[in-house]
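Peer 1: Protein chains in written order, with the working numbering: chain A, 1 to 325; chain B, 1 to 343.
Quick caveat, the hints were computed from the structure, so don't treat them as lab data. As the structure is a computational prediction, the values presented were derived from the model and not from experiment. Hints should not be assumed to be uniformly reliable.
Stated by the list, open to error - Computed list of chain A residues with no C-beta within reach of chain B, every gap over 12 angstroms:
no. : residue
1   : Gly255
2   : Thr266
3   : Leu285
4   : Glu305
Stated by the list, open to error - Lysine to any residue pairs mimicking SDA-like chemistry, simulated, CA-CA at most 25 angstroms apart:
no. : chain 1 : residue 1 : chain 2 : residue 2
5   : B       : Lys38     : B       : Ser250
6   : A       : Lys215    : A       : Gly228
7   : B       : Lys38     : B       : Arg103
8   : B       : Lys38     : B       : Gln289
9   : B       : Lys38     : B       : Glu140
10  : B       : Lys44     : B       : Arg266
11  : B       : Lys198    : A       : Pro57
12  : A       : Lys253    : A       : Leu276
13  : B       : Lys44     : B       : Glu293
14  : A       : Lys302    : A       : Arg218
15  : A       : Lys253    : B       : His329
16  : A       : Lys253    : B       : Asp332
17  : B       : Lys44     : B       : Asp311
18  : B       : Lys198    : A       : Pro89
19  : B       : Lys198    : A       : Val58
20  : B       : Lys198    : A       : Asp92
21  : A       : Lys253    : A       : Ala271
22  : B       : Lys38     : B       : Arg302
Every residue gets a Cβ at the ideal spot worked out from N, C-alpha and C, and that includes glycine.
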Amino acid sequence: MAVLTLAQALNQGLEQALAEHPEVVILGEDVGRTGGVFRITDGLQRRFGPERVVDTPVAESGIVGMAFGMAVGGMRPVVEIQFMGFSYPAFDQIVNHVARIRNRSRHRFTAPMVIRMPYGGGIGAAEHHSESTETIYVHTPGLKVVVPSRPADAKGLLASAVEDPDPVIFLEPIRLYRAVRETVPEDPHTVPIGEASIEREGTDVTLVSYGAMMKETRQAAEVLAERGVSAEVVDLRTLVPLDTDRLLASVEKTGRVVVVHEAPRTLGFGAEVAALVAERALYSLQAPPKRVTGWDTVVPLKKSEQYYLPSVGRIVAAAEETLTA
Amino acid sequence: MLQLLTPSGDVLGEPPLSVDLTRRLYRAMVYVRTFDRKCAALQKQGRLATYAPFEGQEAAQVGSAAPLDPEDWMVASYRDAAAMWMQGYPWELLIAWRTGDERGGRPPEHVSVLPPSITVGGHMLHAVGLAWSARHFGEERIAITYFGDGATSEGDFHEAMNLAAVYGLGVVFFCQNNQYAISMPRTAQTRSETIAEKAIAYGMPGVQVDGNDLFAVFTATAEAIDRARAGDGPTLIEAVTYRLGPHTTSDDPSRYREESEVEQWRRRDPLERVRIFLSERDAWTPEWQERLETEASTEIERAVELAEGMDGLGPARIFEAMFDELPPHLVDQRAEALRSVGQ
Ligand SMILES: Cc1ncc(C[n+]2csc(CCOP(=O)(O)OP(=O)(O)O)c2C)c(N)n1
Chain A
1 MAVLTLAQAL
11 NQGLEQALAE
21 HPEVVILGED
31 VGRTGGVFRI
41 TDGLQRRFGP
51 ERVVDTPVAE
61 SGIVGMAFGM
71 AVGGMRPVVE
81 IQFMGFSYPA
91 FDQIVNHVAR
101 IRNRSRHRFT
111 APMVIRMPYG
121 GGIGAAEHHS
131 ESTETIYVHT
141 PGLKVVVPSR
151 PADAKGLLAS
161 AVEDPDPVIF
171 LEPIRLYRAV
181 RETVPEDPHT
191 VPIGEASIER
201 EGTDVTLVSY
211 GAMMKETRQA
221 AEVLAERGVS
231 AEVVDLRTLV
241 PLDTDRLLAS
251 VEKTGRVVVV
261 HEAPRTLGFG
271 AEVAALVAER
281 ALYSLQAPPK
291 RVTGWDTVVP
301 LKKSEQYYLP
311 SVGRIVAAAE
321 ETLTA
Chain B
1 MLQLLTPSGD
11 VLGEPPLSVD
21 LTRRLYRAMV
31 YVRTFDRKCA
41 ALQKQGRLAT
51 YAPFEGQEAA
61 QVGSAAPLDP
71 EDWMVASYRD
81 AAAMWMQGYP
91 WELLIAWRTG
101 DERGGRPPEH
111 VSVLPPSITV
121 GGHMLHAVGL
131 AWSARHFGEE
141 RIAITYFGDG
151 ATSEGDFHEA
161 MNLAAVYGLG
171 VVFFCQNNQY
181 AISMPRTAQT
191 RSETIAEKAI
201 AYGMPGVQVD
211 GNDLFAVFTA
221 TAEAIDRARA
231 GDGPTLIEAV
241 TYRLGPHTTS
251 DDPSRYREES
261 EVEQWRRRDP
271 LERVRIFLSE
281 RDAWTPEWQE
291 RLETEASTEI
301 ERAVELAEGM
311 DGLGPARIFE
321 AMFDELPPHL
331 VDQRAEALRS
341 VGQ
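Using the sequences and the hints given, assemble the complete structure.
Peer 2: Encoded structure:
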């Protein structure tokens with residue numbers, strides 16, 4: 001077992017997917033010769049050749065639409081969209097075709113494919129490079145949506161996504177690519193899609209998050225602990241299908257919930273969590289649910305990003321508010 | 001523009017098809033015309049949802065599908081029932097889909113035809129990917145995709161043409177230039193003189209054929225299919241034809257075209273010239289025609305019965321094909337939907 005960054009874990013996961021499954025092909029802009037702008041596919045074209053790790057023209061709709069055909073034909077394409085903000089040219093393909101073919105052909109044709117998208121802010125990137133618009137895909141029936149926050153989960157969820165019989169949107173937190181390290185099993189392993197992880201047990205308040213914001217959420221739990229508050233931390237890991245049981249059990253236990261994400265607030269994933277809690281666990285609540293989110297604004301550029309992304313302070317404050325409610 | 005059989009039934013050069021094959025394809029054209037007219041009538045009675053008729057385009061669809069191998073992939077759109085049937089899609093499923101029953105979107109196992117695309121343009125890319133999968137698995141199959149003149153203005157036309165050419169894939173891009181995209185005439189759709197010439201920009205051959213000429217369509221498509229199967233890459237075919245009917249049953253073409261124009265195209269009917277050709281070779285008689293029409297009607301009426309008789313609709317169907325395994329939130333929602341109708 002080696003200590004790997006999230007980026008390295010993904011690279012290893014992709015390498016093993018290519019080695020294990022001859023029908024897996026990686027497609028994307030610059031994924032071959034350069035190993036992708038984030039180097040997630042580094043070295044893979046050298047090992048597997050340009051027919052398995054395919055540099056494509058700059059054509060998101062084309063890449064996804066072509067990969068759709070490959071998947072219907074029996075292959076397992078793994079598409080890299082360079083940044084989530086550039087997935088929109090492929091939106092029609094994803095929503096109208098990838099997500100629907102099983103339904104419109106009544107199971108006869110399916111599109112088992114993975115669409116990887118680096119997402120999220122915090123690295124001072126150019127405009128359109130910091131998007132966190134997972135709600136769009138969560139809201140689309142027929143897609144699974146996965147967001148790892150740790151190297152081992154990233155590798156395990158990727159393996160599950162590749163083997164999944166349905167299309168998976170695989171969101172990769174850009175700012176955690178090289179910011180988190182942990183030991184990752186060398187051998188191929190899977191982490192099931194649809195299972196949240198209770199990362200830290202607690203009794204006073206449940207902090208719910210996923211992906212990039214798990215970093216601040218974990219730190220907030222530490223700060224709260226220093227202040228004598230026992231926070232339970234839930235990493236959702238999969239947004240569709242959501243592990244409602246684990247989520248609600250935690251909220252029922254603590255009676256308080258704070259949801260954290262960097263996506264805009266209105267109809268962000270926090271709205272779904274709050275609605276679920278209201279429908280299913282209202283009587284266990286000791287305080288109204290809280291959302292700590294990005295604002296309903298355009299993601300600001302480098303110099304103002306700090307005012308946009310939820311901070312540890314905002315999460316701690318929200319948790320404390322639930323305790324004094 | 002490639003033409004081998006003139007509107008008055010004269011063959012230019014040697015006939016490319018045997019009389020026997022011509023008879024079979026003529027029969028197919030009679031069948032699809034019967035289907036088309038039947039569907040338009042059913043729609044008027046409220047038994048089909050909106051219907052997009054293809055009358056006038058029979059030679060384009062039958063002639064291009066005829067040279068395919070049974071396992072070749074076909075990715076077509078809402079107006080292409082004739083081509084889909086030629087490639088094995090059963091009548092009753094073509095009809096069921098048009099009655100508003102999703103089960104019509106599931107062809108039998110041996111039929112390699114995707115459910116028809118409703119979005120204009122997006123499906124051309126799927127043929128590119130299917131051709132790739134065929135190459136990946138070392139299969140002999142090629143992929144053909146059908147689209148209209150309007151679809152060539154979509155970005156996905158460009159991406160599909162470009163990708164197929166870049167990767168040298170076995171795709172036949174079959175454009176039925178039926179002169180209109182709803183109300184937009186072909187001349188307003190693009191400044192290109194022909195649609196076929198767009199192929200030049202992508203580095204692939206482009207051929208313009210008389211789309212109402214069964215022989216020309218068959219010949220050009222057969223060549224493109226051979227090229228695709230031999231690994232020599234994609235071809236764009238523009239079949240110049242005409243939609244004699246409305247865009248769909250909810251369209252009123254008198255708002256954008258003159259009846260005299262329609263009349264002109266009626267004189268270039270794709271069936272008539274083949275009929276003359278056969279008749280001159282003692283291979284067509286009025287009795288045969290009558291028998292064909294009766295057989296076609298009977299067969300299609302039987303299919304309508306089958307399609308309308310498919311039972312087992314209900315709330316649970318909506319949830320049936322969302323994922324390989326229904327996730328918990330959908331299990332809950334299905335139960336709720338069933339409760340809402342007292343089940
Ligand atoms: C992406 C998309 N845009 C618009 C429409 C609405 N629409 C349906 S058919 C059509 C015209 C298509 O014309 P053409 O490609 O020439 O094919 P035809 O209908 O003539 O066979 C339009 C605009 C659609 N279905 N999909």
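Peer 1: Work down the list of hints and note, for each, if the structure agrees.
Peer 2: Comparing the hints with the structure gives:
A cut-off of 12 angstroms between C-beta atoms confirms that Gly255 (chain A) is not in contact with chain B; the least separation is 24 angstroms. The beta carbon of Thr266 (chain A) sits about 21 angstroms from the closest Cβ of chain B, which is more than 12 angstroms, so the claim that it is off the interface holds. Its beta-carbon lying about 21 angstroms from the closest one in chain B, Leu285 (chain A) satisfies the requirement of being farther than 12 angstroms from that chain. Once the 12 angstroms rule is applied to beta carbons, Glu305 (chain A) is consistent with being away from chain B; the minimum gap is 32 angstroms.
Of the pairs offered as hints, the one joining Lys38 (chain B) and Ser250 (chain B) holds, with about 16 angstroms between alpha carbons and a cut-off of 25 angstroms not exceeded. Distance restraint check for Lys215 (chain A) and Gly228 (chain A): the Cα-Cα separation of roughly 20 angstroms lies within the 25 angstroms cut-off, and the hinted pair is therefore satisfied. With a C-alpha separation of about 20 angstroms, the suggested pairing of Lys38 (chain B) with Arg103 (chain B) holds against the 25 angstroms cut-off. The hinted pair formed by Lys38 (chain B) and Gln289 (chain B) meets the criterion: a straight-line CA distance of about 17 angstroms does not exceed 25 angstroms.
Between the alpha carbons of Lys38 (chain B) and Glu140 (chain B) the distance comes to roughly 36 angstroms, so the proposed pair goes past 25 angstroms and is violated. Taking the CA atoms of Lys44 (chain B) and Arg266 (chain B), the gap is near 23 angstroms; set against the 25 angstroms cutoff, the hint holds. Proximity of Lys198 (chain B) to Pro57 (chain A) is assessed by CA-CA distance (about 19 angstroms); at most 25 angstroms being required, the pair is judged to hold. For the proposed pair Lys253 (chain A) and Leu276 (chain A), the alpha carbon gap of about 15 angstroms is at most 25 angstroms, so the pair holds.
Proximity of Lys44 (chain B) to Glu293 (chain B) is assessed by CA-CA distance (about 21 angstroms); at most 25 angstroms being required, the pair is judged to hold. Only pairs whose Cα atoms come within 25 angstroms are accepted, and Lys302 (chain A) paired with Arg218 (chain A) is accepted, the gap being roughly 24 angstroms. The hinted pair formed by Lys253 (chain A) and His329 (chain B) meets the criterion: a straight-line CA distance of about 22 angstroms does not exceed 25 angstroms. Distance restraint check for Lys253 (chain A) and Asp332 (chain B): the Cα-Cα separation of roughly 23 angstroms lies within the 25 angstroms cut-off, and the hinted pair is therefore satisfied.
About 23 angstroms separates the Cα atoms of Lys44 (chain B) and Asp311 (chain B), which keeps this hinted pair within 25 angstroms; it holds. Distance restraint check for Lys198 (chain B) and Pro89 (chain A): the Cα-Cα separation of roughly 22 angstroms lies within the 25 angstroms cut-off, and the hinted pair is therefore satisfied. In summary, the hint linking Lys198 (chain B) to Val58 (chain A) is supported, as the alpha carbons are separated by about 20 angstroms, within the 25 angstroms threshold. The hinted pair formed by Lys198 (chain B) and Asp92 (chain A) meets the criterion: a straight-line CA distance of about 24 angstroms does not exceed 25 angstroms.
Simply put, Lys253 (chain A) and Ala271 (chain A) have alpha-carbon atoms about 20 angstroms apart, close enough for the 25 angstroms limit, and the pair holds. Taken as a hint, the Lys38 (chain B) and Arg302 (chain B) pair is honoured in the structure, with Cα atoms around 12 angstroms apart against an allowance of 25 angstroms.
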